[in-house]
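Asks: Sequence:
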Amino acid sequence: MIFAPRDLSELCYILENKGDNYYILAGGTDLIIKIKNKKIVNYSIIEITKIKELKGFKEDDSNFYIGPLMTMTEIINEKRIKENLRSLYEAAYKLGSNQIRNLATIGGNVANASQSADCVLALFALDAKIKILDSMENEKIVSIEDFIIGREKTNLSQNEIIKEIIIPKKKGLNIFNKIGSRTGVTISKISCAMNFILNEDGKKDTRIFLGAVGVKPVRALDLEKVFANHDFKNINLEILQQTGFNEIEKAIPERSSKYYKRVAIQGLLEDMLEELINYEK
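Taking the working numbering, the leading residue of the sequence shown gets 138, the next gets one more, and so forth.
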C-alpha cells in the first residue's frame, strides 16, 4: 500500500494510524537498495514528495533552514549554500552521479545515517540541529550529534519525521573533502569536514570531523588543536599529517582498514590544507 499525503496534517494523521512495516519515501535512492538487498516484502510506503512544507531553503538573522526534501542538486544550485555552507555544497556536489543527486534528499541522507554519508559529516562540523515532528504535530529540536546514535541508527521514533535541518549562522570558513575508490560517483573510504568559526576577538573555534572511520562521524579533537589560533599558512604539514595518522589509529585500532585509512588521511589533509591556504590569500 502507498500513501501520498499532500501536507503535514495528512502526514501526521497517517503516521498516527499506520500499521507496522512501513517506509518513508523521499528520493528513494537508499530505500530501493535496502528493500532489494534485505528482500523485504509486505511493506507500505508513505511517499512525502508532495509536501511543500518539507521543501526549500530559507534563513533569518540567526540560522539557515533546510527542508528535508531538498535534493542534492537543489543544494548545489542554491547560491547561499555555496557561499556560506561550503562544506555542505561540496559534500552534495561529490555525492553520486547527476541522476542520484537529482533524486537524493538531504533528509534521507540524515535519516539513513550511513557511516559514509557525506552530507551528514558536513552537518556535524556545521553544528546542525534537527527539528523533529511527531504524529500529534508536536515538535522538538535535537543536535545532529544526538540525533544519529550509530550506524544506520537514529533516535527517530516510528511516529516521527525530520521536519527541518537548522544550521547556525557563524562567520568563518568551512570545507569538505573525501577519498574513494574512484574520482567520481564513489562512496567515501575516508572523509573530513572542517569548520573554522571566527569569533569577535579574532580567534577561531574549530570543529573537525572524520567520516567512514566509525559508526557515526568522529570528532578529531587532536586535529583541532593543531589548527588552534594559527594562520593556515603557518600549519606544519608533517605535524598535521602525523596527527591525522594518530586519529585513525585511535578511531579504528582493531580494523584492518586502518592501514589504508591512516595513510589516506595524510593525503586528504594535505589537499585540505592547500585549499584553506588558498582561501586565506
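Fair warning: there could be bad hints in the mix.
Unchecked claim - Here are the simulated lysine to aspartate or glutamate pairs, EDC-like style, with alpha carbons at most 16 Å apart:
1. K306 <-> D264
2. K187 <-> E220
3. K155 <-> E196
4. K308 <-> E417
5. K192 <-> E220
6. K370 <-> E386
7. K307 <-> D271
8. K268 <-> E297
Stated by the list, open to error - Derived CB-CB ranges, DEER-like:
9. K362 <-> Y396: 51 to 59 Å
10. Y396 <-> N292: 30 to 38 Å
11. K187 <-> V400: 45 to 53 Å
12. L374 <-> N158: 24 to 32 Å
13. V400 <-> K290: 38 to 46 Å
14. L374 <-> Y396: 55 to 63 Å
15. S394 <-> H367: 46 to 54 Å
16. R392 <-> N366: 30 to 38 Å
17. S294 <-> G351: 23 to 31 Å
18. D283 <-> E417: 38 to 46 Å
19. N239 <-> K340: 47 to 55 Å
These are calculated hints, taken from the structure and not from any lab test.
From a predicted model like this one, the values you see are computed outputs, not experimental measurements.
Every residue gets a Cβ at the ideal spot worked out from N, C-alpha and C, and that includes glycine.
Asks: Now tell me if each hint is right for this structure.
Replies: Here is what the structure says about each hint:
Straight-line distance between C-alpha atoms of K306 and D264 comes to about 10 Å, which keeps the hinted pair within the 16 Å bound. Between K187 and E220 the alpha-carbon distance is near 29 Å, which puts this suggested pair outside the 16 Å criterion. Between K155 and E196 the CA atoms are separated by roughly 34 Å; this puts the pair beyond 16 Å, and the hint is violated. Taking the CA atoms of K308 and E417, the gap is near 14 Å; set against the 16 Å cutoff, the hint holds.
A hinted pair counts as satisfied when its Cα atoms are at most 16 Å apart, and K192 with E220 does not qualify at roughly 20 Å. Simply put, K370 and E386 have alpha-carbon atoms about 26 Å apart, too far for the 16 Å limit, and the pair is violated. Of the supplied pair hints, the one linking K307 and D271 is violated, its CA atoms being roughly 30 Å apart against a limit of 16 Å. Between the alpha carbons of K268 and E297 the distance comes to roughly 10 Å, so the proposed pair stays at or under 16 Å and holds.
Against the hinted window of 51 to 59 Å, the Cβ-Cβ separation of K362 and Y396 comes to about 25 Å, which falls outside the hint. Distance hint for Y396 and N292: a CB-CB separation of about 34 Å, consistent with the stated range 30 to 38 Å. At roughly 47 Å, the beta carbons of K187 and V400 sit within the given window of 45 to 53 Å. Judged by the Cβ atoms, the range 24 to 32 Å given for L374 and N158 is violated: they are separated by roughly 52 Å.
For V400 paired with K290, a C-beta distance near 29 Å fails the hint of 38 to 46 Å. For the pair L374 and Y396, the supplied restraint of 55 to 63 Å is violated, since their beta-carbon distance comes to about 21 Å. A hinted range of 46 to 54 Å is violated for the C-beta pair S394 and H367, which are about 31 Å apart. A hinted range of 30 to 38 Å holds for the C-beta pair R392 and N366, which are about 33 Å apart.
In this structure the supplied range 23 to 31 Å holds for S294 paired with G351, their Cβ-Cβ distance being about 24 Å. Taking the beta carbon of each, D283 and E417 are about 33 Å apart, not inside 38 to 46 Å as hinted. Look at N239 against K340: about 41 Å separates their beta carbons, and that is not inside 47 to 55 Å.
In terms of the numbered hints stated before, the structure departs from hints 2, 3, 5, 6, 7, 9, 12, 13, 14, 15, 18 and 19, listed from lowest to highest.
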